[in-house]
Amino acid sequence: MNKFFQHICIWFVLIFLYAPIMILMVYSFTDSTMIGTIKNFSLQNYVTLFTTPELVSMIVGTFTLAIGVALLSTFLGTTGAIGAFYSKKRTRGAIEMANQIPVVNADVVTGFSICILMIIFFKVRKETFIPLVIGQTALCTPFVYLSVLPRLKQMDHSLYEAALDLGCTTSMALRKVVVPQIVPGIISGFMTAITLSLDDYFITTYTKPATFDTISTYVVNATRGSQTEIKTALWALSTLIFVLAALYVVAQNFTKKKEAK
Amino acid sequence: MKNRTLSRKQLAIPYAIFLLLFVVLPLLVVIYYGFTDKAGNVSFDNFINFFKNGKTIGTLVYSLAIALLTTIFSLLLAYPVALIIAKGAYSQKAKILMIFVLPMWINFTLRITALKEILTLIEGNLAHYQFFNTILCMVYDFLPFMIMPIYNSLTKLDNGLIEAASDLGANKFQVFVKVILPLSVPGIVSGVTMVFLPSMTNYVVLDMIYNSTYIMGSLIGSYFSAYDWNNGSVISIILLMIILGITMISNKYTDSEGKTEAVR
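First to last, the sequence lines map onto chains Z and D. Heads up: the first sequence at position 21 corresponds to 21 in this note's numbering, and the numbers run straight through without jumps. Heads up: the second sequence at position 53 corresponds to 314 in this note's numbering, and the numbers run straight through without jumps.
Derived from the structure by calculation, the hints contain no laboratory data. Idealized CB from N, CA, C, for every residue including glycine. Please note that a few of the clues may not be correct.
[To be verified] Reference listing, derived: stretches of chain D covered by chain Z, where coverage requires no fewer than 3 residues with Cβ under 8 Å from a Cβ of chain Z: (1) 279-288; (2) 295-309; (3) 376-390; (4) 452-463; (5) 491-501.
Using the sequences and the accompanying hints, generate a full structural model.
As structure tokens, this is what we get:
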């Protein structure tokens, strides 16, 4: 393949991926209500985004939920991975198999099955947020587990034994010796959990309280409605999320470079 | 000594209980509902009705067609991109890959909204090319998930093999067909599993672009809103069987690490 063709191919796909987001970003800074119409510069969308109580509570709710779920799944996934790693082969195999279910399963099925279990079987009311948190945690934890496990495999196990021999208690040895060595895996698991929770629509829609909305469920409902003010405010939200994601990725790149040095 | 190892193992207990309660048990409940009727008696009627009903079979076929086409087009777009990034003339491979997977971080409903606006601008009315639009939106949504695993398997590929093949007289096309392509199969397979199933069930995309509900996932949704747990469970079980099939096929070709890498 010659270079010219390579560039064309890369740029074609890049434009396909980015053009919609970019155009939306540009239009989020105008007062136009439809893409394609030329209007004036305006920050009205951003004002609407941060002053409409409905939108603000939806955004705060989404991120609070994501952080809560991510913390819970990081705890479960990390302890689960450490525990399973040192367990007998059969126990570990069983945990690994069950862990794989939410990863390969369709989100619709996961959401539906957890909803039936919680609401019909256990009779937990959706308003308690318990089905929602449990459902999203069931989706996110396996990915935390999978990102912690490779770090455990690379770890130097004699250090843990040495710590115990030198008088550490087991919990202290875990905190001071094991956890620091697997921190990169824990962090990347945490971030994956955050993204999965932010991106989730199916589990949320089956298990959420009627009055609560995350970005996903809110946007889907908004596209059915005809409120242009909300629609254009969501353009502003897309812009902000895009900028945040880009900043995160750049920062991640930067720290990786430092590590390499 | 015995005490020490015991306490590390015990860390797995909370997660093991969680998995049992909220991953395994829900599936058992779904199976129970799938094989019982509304009164709670064991019956296969739900399945018989599913396969007798033209509409549900049509939905199954339609979803499979969408998933198949989405997977094929994603693969056709993603493979050259992954190959160029991994083996092409670019020096900053990791950074370029970052640019391609960055959209994964943005909520998919927001991305589909963006694409919908552009399509409305170009086509005027989205109703004219429904099938085309569906595939386009699905490919747009899932493309990064295809690029990632293929790129990963291609970077692992030893350049020495490619050089050896060309030294031994293979032309560029032969090198690709005989060396690069076979060795990237694990990446392709894990990419396909990450795209095929979600695109078969992701009814939100269809719902957002033209309020259609003619896909497997939406059947669950419609039974769900009608409080019809039995028929919803039947669809779930059928999807689970398809998943099981795909997993069994893909396990033959991939190492277990494929999936994690794709996520990170």
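Evaluation of the provided hints:
Under the rule that three or more residues need a Cβ within less than 8 Å of chain Z, the assignment of the region 279-288 of chain D holds, with 9 such residues. Only residues whose beta carbon comes within less than 8 Å of a beta carbon in chain Z count, and the region 295-309 of chain D has 0; fewer than three means the coverage is violated. A stretch counts as covered by a chain when three or more of its residues have a beta carbon under 8 Å from one of that chain; for the region 376-390 of chain D and chain Z the count is 6, and the coverage holds. Counting residues of the region 452-463 of chain D whose CB falls under 8 Å from any CB of chain Z gives 5; the rule of at least 3 is met.
Coverage of the region 491-501 of chain D by chain Z holds. Counting CB-CB distances below 8 Å, 5 residues qualify, and the rule asks for three or more.
Violated hint for the displayed structure: number 2, the only one.
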